[in-house]
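**Student:** Each chain, written out:
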Amino acid sequence: MSIPPENKKYTLTFWEKIFIPEIVKGLKLTLEQLLAKKDTRQYPEERWTPPPSFRGRPVLAVEENGVERCVACGLCSRVCPALAIEVQAAETELEKERYPERFEINMLRCIFCGFCEEVCPEEAIIMSNHYELAFSTREDAIFGKERLLMSVEELRPRLNYLHSQY
Amino acid sequence: MIGTEILIALIKTAIVFLVVLTTVAYLVLAERRISAAIQNRIGPNRVGPFGMLQPIVDVVKLLLKEDIVPTAATKPMHTLAPIISITVALSTFAVIPFGRSIELFGHRIDLVIAGDINIGVLYLLALTSIGVYGITMSGWSSNNKYSLLGGLRSAAQMISYELSMGLSVLAVILIAGTLELPKIVEYQAGWKWFIFLQPVGFITFLVASFAETNRAPFDLPEAEPELVGGYHTEYSSFKFALFFLAEYAAMITASAVITTLYLGGWQVPYLEALGLSQGWETLIQVGAFALKVVFLLFFFIWVRWSVPRFRYDQLMNLGWKVMLPLALANLVVTALVVLTV
Numbered sequence: 009m010s011i012p013p014e015n016k017k018y019t020l021t022f023w024e025k026i027f028i029p030e031i032v033k034g035l036k037l038t039l040e041q042l043l044a045k046k047d048t049r050q051y052p053e054e055r056w057t058p059p060p061s062f063r064g065r066p067v068l069a070v071e072e073n074g075v076e077r078c079v080a081c082g083l084c085s086r087v088c089p090a091l092a093i094e095v096q097a098a099e100t101e102l103e104k105e106r107y108p109e110r111f112e113i114n115m116l117r118c119i120f121c122g123f124c125e126e127v128c129p130e131e132a133i134i135m136s137n138h139y140e141l142a143f144s145t146r147e148d149a150i151f152g153k154e155r156l157l158m159s160v161e162e163l164r165p166r167l168n169y170l171h172s173q174y
Numbered sequence: 038m039i040g041t042e043i044l045i046a047l048i049k050t051a052i053v054f055l056v057v058l059t060t061v062a063y064l065v066l067a068e069r070r071i072s073a074a075i076q077n078r079i080g081p082n083r084v085g086p087f088g089m090l091q092p093i094v095d096v097v098k099l100l101l102k103e104d105i106v107p108t109a110a111t112k113p114m115h116t117l118a119p120i121i122s123i124t125v126a127l128s129t130f131a132v133i134p135f136g137r138s139i140e141l142f143g144h145r146i147d148l149v150i151a152g153d154i155n156i157g158v159l160y161l162l163a164l165t166s167i168g169v170y171g172i173t174m175s176g177w178s179s180n181n182k183y184s185l186l187g188g189l190r191s192a193a194q195m196i197s198y199e200l201s202m203g204l205s206v207l208a209v210i211l212i213a214g215t216l217e218l219p220k221i222v223e224y225q226a227g228w229k230w231f232i233f234l235q236p237v238g239f240i241t242f243l244v245a246s247f248a249e250t251n252r253a254p255f256d257l258p259e260a261e262p263e264l265v266g267g268y269h270t271e272y273s274s275f276k277f278a279l280f281f282l283a284e285y286a287a288m289i290t291a292s293a294v295i296t297t298l299y300l301g302g303w304q305v306p307y308l309e310a311l312g313l314s315q316g317w318e319t320l321i322q323v324g325a326f327a328l329k330v331v332f333l334l335f336f337f338i339w340v341r342w343s344v345p346r347f348r349y350d351q352l353m354n355l356g357w358k359v360m361l362p363l364a365l366a367n368l369v370v371t372a373l374v375v376l377t378v
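Going down the list, the protein sequences come from chains A and B. For the first sequence, this note's numbering begins at 9 and goes up steadily by one. For the second sequence, this note's numbering begins at 38 and goes up steadily by one.
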């Protein structure tokens, strides 16, 4: 608690009364702002690349040989708080034995929390850095397996970040 | 001959109208870009190069809007009000001189539409008084509490500041000895601009101009947080466009008048020393006039985004208790100096 100052009556000097010096100071300030560099990003021409810690839309990782990592275990679907993921498993001759015959994420339900990425035992579903998602119809917002595939090298920054965290 | 004179006057009017209306449209763009720059952002820059096509698009948009008139509004007045506003704003250009006379095709053309009327400055003051009607009528005819209050406040503000405006101009007339604007400009040859001879008068006239055009910091009648739109709340489409344009046209008019009366109009000091041909001289002089007006317009916009708004009672206080005595004192001192020197 500070001691309140004495109740002094403050009388304005002549220059303070006519206010002109204050106005001039204000004008100078705005002029400086006028000539300063602007912080606006010119959007479609200049795009922003998010840092690796950014959680964009979820994608299915594809190895160099063209096979997706996903084994259709269904953990992501089970943990998803928004119930956005649907997986249908099927058998395959490859070493991993299971693969997702149908893998759908409803982007209108997805909340980009990253739980699916956290729970996946194969590091198959990863939150990419894509943030530009605009649909014209509701049907268009349900992403099938083809739209969800992304190569591992494109996801490398995110994978490196995840490895540094866990 | 009479016929040629009328033709020349019509051509001059057409050119002036065209230039002023284009300037009004691009002034809107300039305001948006300058206000954006002051606020650390970029204004419209998508529509054309540097947003140059934005005003055209804006006008077209405004014209295509639905024209809504309140049911209980007084229709004739409602329609007449913006017409009065813009007519007054544009009519003042009849007496403003843009340059010295030029010789074209053997005729001597004065670069002013109706410069030799002997009531020059009085015409300007009379027109600004009529401009008050436009705003009052719009406030009244809208049948809306907010519009009425906005209109009344604006009318009171304009009337109060007209007094100091008239008195400042009176001091200029005392020194120049004439009411005719071209002669006032000719008086300011060399460095005898009235801004130097009448600094106090310049300040009062400048402040009064801000108040007359309802520009910040005196824009309480149309401030959105205060009165929705003030006197132009109930207007849409073309009538709103007219009000909008009328405000910017009034700004240009005020800048032109200040330039003519205080900043030497088209005078460029010591231009004769360069000894250029008459055509080039006139061109430079018209360019100088344009430059001065543009600088003043920039100043109008600059002040709007730098100075906080006056409260209504502070505004009236300033008009009656500060500006009026100051203008009167200025007049008395000028009269004394003129009589004794």
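Mixed in with the good hints, there may be bad ones.
Straight-line alpha carbon distances no greater than 27 Å define the calculated DSS-like cross-link-like pairs of lysine-lysine that follow [unchecked claim]: (1) K182/B x K25/A; (2) K46/A x K36/A; (3) K17/A x K33/A; (4) K220/B x K112/B; (5) K112/B x K17/A; (6) K104/A x K153/A; (7) K17/A x K36/A; (8) K33/A x K358/B; (9) K112/B x K102/B.
Cβ-Cβ distance ranges computed for the label pairs, FRET-style [to be verified]: (10) L35/A x E103/B: 48 to 58 Å; (11) L159/B x E40/A: 19 to 29 Å; (12) V94/B x E126/A: 25 to 35 Å; (13) E140/A x F87/B: 36 to 46 Å; (14) L157/A x L90/B: 40 to 50 Å; (15) L102/A x V94/B: 55 to 65 Å; (16) L159/B x F22/A: 33 to 43 Å; (17) I26/A x K102/B: 43 to 53 Å.
Here are some chain A residues the structure puts well away from chain B; computed CB gaps all over 10 Å [to be verified]: (18) F22; (19) G34; (20) K46; (21) D47.
Honestly, the hints are just simulated from the structure, not real lab data. For every residue, glycine included, the Cβ atom is placed at its ideal position computed from N, Cα and C.
**Student:** Evaluate each hint against the coordinates.
**Tutor:** To see whether the hints hold, each was checked on the structure:
no.: 1; hint: K182/B x K25/A; in the structure: violated (35 Å)
no.: 2; hint: K46/A x K36/A; in the structure: holds (17 Å)
no.: 3; hint: K17/A x K33/A; in the structure: holds (25 Å)
no.: 4; hint: K220/B x K112/B; in the structure: violated (43 Å)
no.: 5; hint: K112/B x K17/A; in the structure: violated (55 Å)
no.: 6; hint: K104/A x K153/A; in the structure: holds (18 Å)
no.: 7; hint: K17/A x K36/A; in the structure: violated (30 Å)
no.: 8; hint: K33/A x K358/B; in the structure: holds (25 Å)
no.: 9; hint: K112/B x K102/B; in the structure: holds (18 Å)
no.: 10; hint: L35/A x E103/B: 48 to 58 Å; in the structure: violated (41 Å)
no.: 11; hint: L159/B x E40/A: 19 to 29 Å; in the structure: violated (42 Å)
no.: 12; hint: V94/B x E126/A: 25 to 35 Å; in the structure: violated (49 Å)
no.: 13; hint: E140/A x F87/B: 36 to 46 Å; in the structure: violated (27 Å)
no.: 14; hint: L157/A x L90/B: 40 to 50 Å; in the structure: holds (43 Å)
no.: 15; hint: L102/A x V94/B: 55 to 65 Å; in the structure: holds (58 Å)
no.: 16; hint: L159/B x F22/A: 33 to 43 Å; in the structure: holds (35 Å)
no.: 17; hint: I26/A x K102/B: 43 to 53 Å; in the structure: holds (44 Å)
no.: 18; hint: F22; in the structure: holds (13 Å)
no.: 19; hint: G34; in the structure: violated (5 Å)
no.: 20; hint: K46; in the structure: violated (6 Å)
no.: 21; hint: D47; in the structure: violated (6 Å)
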